[in-house]
Amino acid sequence: EDKVVQSPLSLVVHEGDTVTLNCSYEVTNFRSLLWYKQEKKAPTFLFMLTSSGIEKKSGRLSSILDKKELSSILNITATQTGDSAIYLCAAVPYGGSQGNLIFGKGTKLSVKP
Amino acid sequence: ETGVTQTPRHLVMGMTNKKSLKCEQHLGHNAMYWYKQSAKKPLELMFVYNFKEQTENNSVPSRFSPECPNSSHLFLHLHTLQPEDSALYLCASSQPRDRLSSDEQFFGPGTRLTVL
Numbered sequence: 001e002d003k004v005v006q007s008p009l010s011l012v013v014h015e016g017d018t019v020t021l022n023c024s025y026e027v028t029n030f031r032s033l034l035w036y037k038q039e040k041k042a043p044t045f046l047f048m049l050t051s052s053g054i055e056k057k058s059g060r061l062s063s064i065l066d067k068k069e070l071s072s073i074l075n076i077t078a079t080q081t082g083d084s085a086i087y088l089c090a091a092v093p094y095g096g097s098q099g100n101l102i103f104g105k106g107t108k109l110s111v112k113p
Numbered sequence: 001e002t003g004v005t006q007t008p009r010h011l012v013m014g015m016t017n018k019k020s021l022k023c024e025q026h027l028g029h030n031a032m033y034w035y036k037q038s039a040k041k042p043l044e045l046m047f048v049y050n051f052k053e054q055t056e057n058n059s060v061p062s063r064f065s066p067e068c069p070n071s072s073h074l075f076l077h078l079h080t081l082q083p084e085d086s087a088l089y090l091c092a093s094s095q096p097r098d099r100l101s102s103d104e105q106f107f108g109p110g111t112r113l114t115v116l
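Same order as they appear, the protein sequences are chains W and G. Counting from 1, one number per residue, gives the positions in the first sequence under our numbering. Counting from 1, one number per residue, gives the positions in the second sequence under our numbering.
Treat the hints with caution; some may be incorrect.
[Claimed, not checked] Here are the computed lysine-lysine pairs in the DSBU-like style, where the Cα-Cα straight-line distance is at most 30 Å:
| # | chain 1 | residue 1 | chain 2 | residue 2 |
| --- | --- | --- | --- | --- |
| 1 | W | LYS3 | W | LYS37 |
| 2 | G | LYS52 | W | LYS112 |
| 3 | W | LYS41 | W | LYS56 |
| 4 | W | LYS105 | G | LYS36 |
| 5 | G | LYS52 | G | LYS41 |
| 6 | W | LYS108 | G | LYS52 |
The set of hints was computed from the structure by calculation and includes no laboratory data.
Isolated chain W, as found in the complex:
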């Protein structure tokens, strides 16, 4: 059965810290991996990763995929209170039906001032 596991499930840090969130997947015919940030409402898209070893970066956030280890990390440097959210990871397999995103449970990040 396809699954995605995120760790840690929750994390509390102080402003300015750097954090690393982990996502591992077991997916038949892996196609891509997506990261989302969910505050109180809609998950908002952060990154889509398809190639191993290529870092994607957006401001203080970056992410990389390791297909050999079947995992991805999301790094946030110089964290701010506005980074507090649940970070969701989803794996997308080839085949199957449209929209078959397999989500992890998420990592709840709390950034304290």
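Given chain W's structure and the hints, the job is docking chain G onto it.
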């Protein structure tokens, strides 16, 4: 505000009520989805519509009934729900899957449903 809107944002209903959730997307997408998000569980895909045709029903109980009158609108009709159905119901949309960029789904803000 995202390109996907959902109404109502909050809903409290009794087990004998009938209600409907509405989703509208302004992004020109042709695929729309309903997800259920419960506490401490991964997002669960419920239904998929592709060009107004339902292509996925992930063993969802019949008390949840989707309707997609056109590519921009999606409804979830609720009838005789159970307390365990209380959750955040998220709608999403995307482009059709034949393009790699279509893996990204755009989510609405969700409807927080409480069943008493």
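Outcome of the hint check:
no.: 1; hint: W:LYS3 <-> W:LYS37; verdict: holds, 19 Å
no.: 2; hint: G:LYS52 <-> W:LYS112; verdict: violated, 45 Å
no.: 3; hint: W:LYS41 <-> W:LYS56; verdict: holds, 24 Å
no.: 4; hint: W:LYS105 <-> G:LYS36; verdict: holds, 12 Å
no.: 5; hint: G:LYS52 <-> G:LYS41; verdict: holds, 28 Å
no.: 6; hint: W:LYS108 <-> G:LYS52; verdict: violated, 35 Å
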